[in-house]
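Throughout the sequence shown, residue numbering follows UniProt numbering, covering 1 to 385 in sequence.
Note that these hints are calculated values from the structure, not bench results. Please read all numbers here as calculations on a predicted model, not as lab measurements. Mixed in with the good hints, there may be bad ones.
List time: in silico PhoX-like cross-link candidates among lysine-lysine, alpha-carbon distance up to 25 Å [what the hints assert, rightly or not]:
no. : residue 1 : residue 2
1   : K98       : K26
2   : K250      : K26
3   : K26       : K45
4   : K198      : K230
5   : K189      : K230
6   : K105      : K115
7   : K3        : K45
8   : K212      : K189
9   : K3        : K105
10  : K366      : K26
11  : K223      : K182
12  : K198      : K250
13  : K26       : K8
14  : K115      : K384
15  : K250      : K230
16  : K212      : K250
17  : K198      : K182
18  : K8        : K98
19  : K366      : K384
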Amino acid sequence: MIKINDPKLFDNIVLDDHLTSLIHSKVPFANRPRREININELGNKVLTFEEMSQYTQSNSWRLVALASRNSIINTHESQTNTILQYWALRLISLVQLKQLRIASKELVQLETIFKDHFDSLNTQNTHTHTKQNSWLSDWPFELVLLRAHIPMLTSNDIDLAINRICELIELNENNMLYISPKITQKDQKDLVTKNRSKQLEVNLVGLLLNEKNYDLAIDVLEKQSRRDPKNTQIMSFLGRVYLQAGCISKAYSSFVTVSEMIPNDIVNSTNWGYYNVALGNWEQAKESFSNAINYQDGDANYSLINNIAVCDLYMGNAPVMLQNLQRVMQEMPSTAGTDEALIFNYCSAVELGCSGSWQQSLKIQKMIDVGQWAGDGFDTSVFKL
Numbered sequence: 001m002i003k004i005n006d007p008k009l010f011d012n013i014v015l016d017d018h019l020t021s022l023i024h025s026k027v028p029f030a031n032r033p034r035r036e037i038n039i040n041e042l043g044n045k046v047l048t049f050e051e052m053s054q055y056t057q058s059n060s061w062r063l064v065a066l067a068s069r070n071s072i073i074n075t076h077e078s079q080t081n082t083i084l085q086y087w088a089l090r091l092i093s094l095v096q097l098k099q100l101r102i103a104s105k106e107l108v109q110l111e112t113i114f115k116d117h118f119d120s121l122n123t124q125n126t127h128t129h130t131k132q133n134s135w136l137s138d139w140p141f142e143l144v145l146l147r148a149h150i151p152m153l154t155s156n157d158i159d160l161a162i163n164r165i166c167e168l169i170e171l172n173e174n175n176m177l178y179i180s181p182k183i184t185q186k187d188q189k190d191l192v193t194k195n196r197s198k199q200l201e202v203n204l205v206g207l208l209l210n211e212k213n214y215d216l217a218i219d220v221l222e223k224q225s226r227r228d229p230k231n232t233q234i235m236s237f238l239g240r241v242y243l244q245a246g247c248i249s250k251a252y253s254s255f256v257t258v259s260e261m262i263p264n265d266i267v268n269s270t271n272w273g274y275y276n277v278a279l280g281n282w283e284q285a286k287e288s289f290s291n292a293i294n295y296q297d298g299d300a301n302y303s304l305i306n307n308i309a310v311c312d313l314y315m316g317n318a319p320v321m322l323q324n325l326q327r328v329m330q331e332m333p334s335t336a337g338t339d340e341a342l343i344f345n346y347c348s349a350v351e352l353g354c355s356g357s358w359q360q361s362l363k364i365q366k367m368i369d370v371g372q373w374a375g376d377g378f379d380t381s382v383f384k385l
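Could you put together the complete structure from these sequences and hints?
Written out as structure tokens, the structure reads:
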């Protein structure tokens, strides 16, 4: 029987991510930023999760894909939980690298082998599970969540993704999802289950919005809000979904409720920014988003900067938009300078303000700048080349 750490389960992957490939096709050799990876540094050793975390934090997904494969193969088959955690990293890295066909194939093979192993154990033991997919209880949360989303990512099968998320919600309600053995206290386990419940419902809402099923999305969030009426994040999310559904008066009521609870807060100001966008009040929207920035703590909120740029665009201030985005990206090249939404709007402003070879050269220069700092899996469509 094939084991879940069998080398035969893995396909060969392309080690050039999309950004690297695009740079090679558009930029002369002398001007290319270095993006090669040194696979020899990995060897065949099993990396600790702390070492893997360093790669994920820097978006070095090619190294994560290779290192997780090596770690799976070289971990003893008895350490099932550890192997499955490496599998989660392997499949997440493939998704980040847009190698979705391989990710789907490897996931299906893993699932088939694991279910066979699971059924075999249950046949040998007197203890049996009544739920059809109770084997999911042994998989790390990140892995079952990825399994739920894979159908949408690979074949745009949103319905299957929704069904799988609903299945996870039921398993979570019955305390059947895997929780690390390091978490021993009941109150800690309850907190994990509660947080997962919220996360799964947010995932469900996201899928429903992809289907433009606003009624069901609103129903899920309204139930969440009734369970936790003082949660301003949920109430704000509900208000923003109301806006998408065209329920302006309901959105207004939700935002007023949030405003009464947190009047001087980034969330409140952002809500009114979106509200004014829905009404086409671009000057007021820009003012609200600018106010929200004043309330932020720590690193810059690129979503707000992007929203302000969009307001400038619709106000007919493309040169201002271009200037502000360029300034922010130059000041913070490794963060703002690699934010996909900001770069997309920068290239949009370039198209409006420049033409011909000058437009093309600005986009390629931006691609070179991004290539110096961005990790793997960057969405190259934002350059609009």
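Now the hints, each set against the structure:
For the given pair, K98 sits about 20 Å from K26 by alpha-carbon distance, which is consistent with the 25 Å threshold. Taken as a hint, the K250 and K26 pair is broken in the structure, with Cα atoms around 49 Å apart against an allowance of 25 Å. About 37 Å separates the Cα atoms of K26 and K45, which puts this hinted pair outside 25 Å; it is violated. Distance hint between K198 and K230 is fulfilled; the C-alpha atoms sit about 14 Å from each other, no more than 25 Å.
Proposed proximity of K189 and K230 is supported: the alpha carbons are some 23 Å apart, at most 25 Å. In summary, the hint linking K105 to K115 is supported, as the alpha carbons are separated by about 16 Å, within the 25 Å threshold. For the suggested pair K3 and K45, the alpha carbons sit about 19 Å apart, so the restraint of at most 25 Å is met. Taken as a hint, the K212 and K189 pair is broken in the structure, with Cα atoms around 34 Å apart against an allowance of 25 Å.
A hinted pair counts as satisfied when its Cα atoms are at most 25 Å apart, and K3 with K105 qualifies at roughly 16 Å. Of the pairs offered as hints, the one joining K366 and K26 holds, with about 12 Å between alpha carbons and a cut-off of 25 Å not exceeded. Taken as a hint, the K223 and K182 pair is broken in the structure, with Cα atoms around 32 Å apart against an allowance of 25 Å. At roughly 22 Å between alpha-carbon atoms, K198 and K250 fall within 25 Å of each other, so this suggested pair holds.
Distance hint between K26 and K8 is unfulfilled; the C-alpha atoms sit about 37 Å from each other, more than 25 Å. The suggested pairing of K115 with K384 is violated, with an alpha-carbon distance near 44 Å, which exceeds 25 Å. Note on K250 and K230: the hinted pairing holds, with a Cα-Cα distance of about 17 Å set against a maximum of 25 Å. With a C-alpha separation of about 18 Å, the suggested pairing of K212 with K250 holds against the 25 Å cut-off.
For the hint pairing K198 with K182, the CA-to-CA distance comes to about 22 Å; that is within 25 Å, so the pair holds. Taking the CA atoms of K8 and K98, the gap is about 21 Å. The hint holds against a cut of 25 Å. Taking the CA atoms of K366 and K384, the gap is about 11 Å. The hint holds against a cut of 25 Å.
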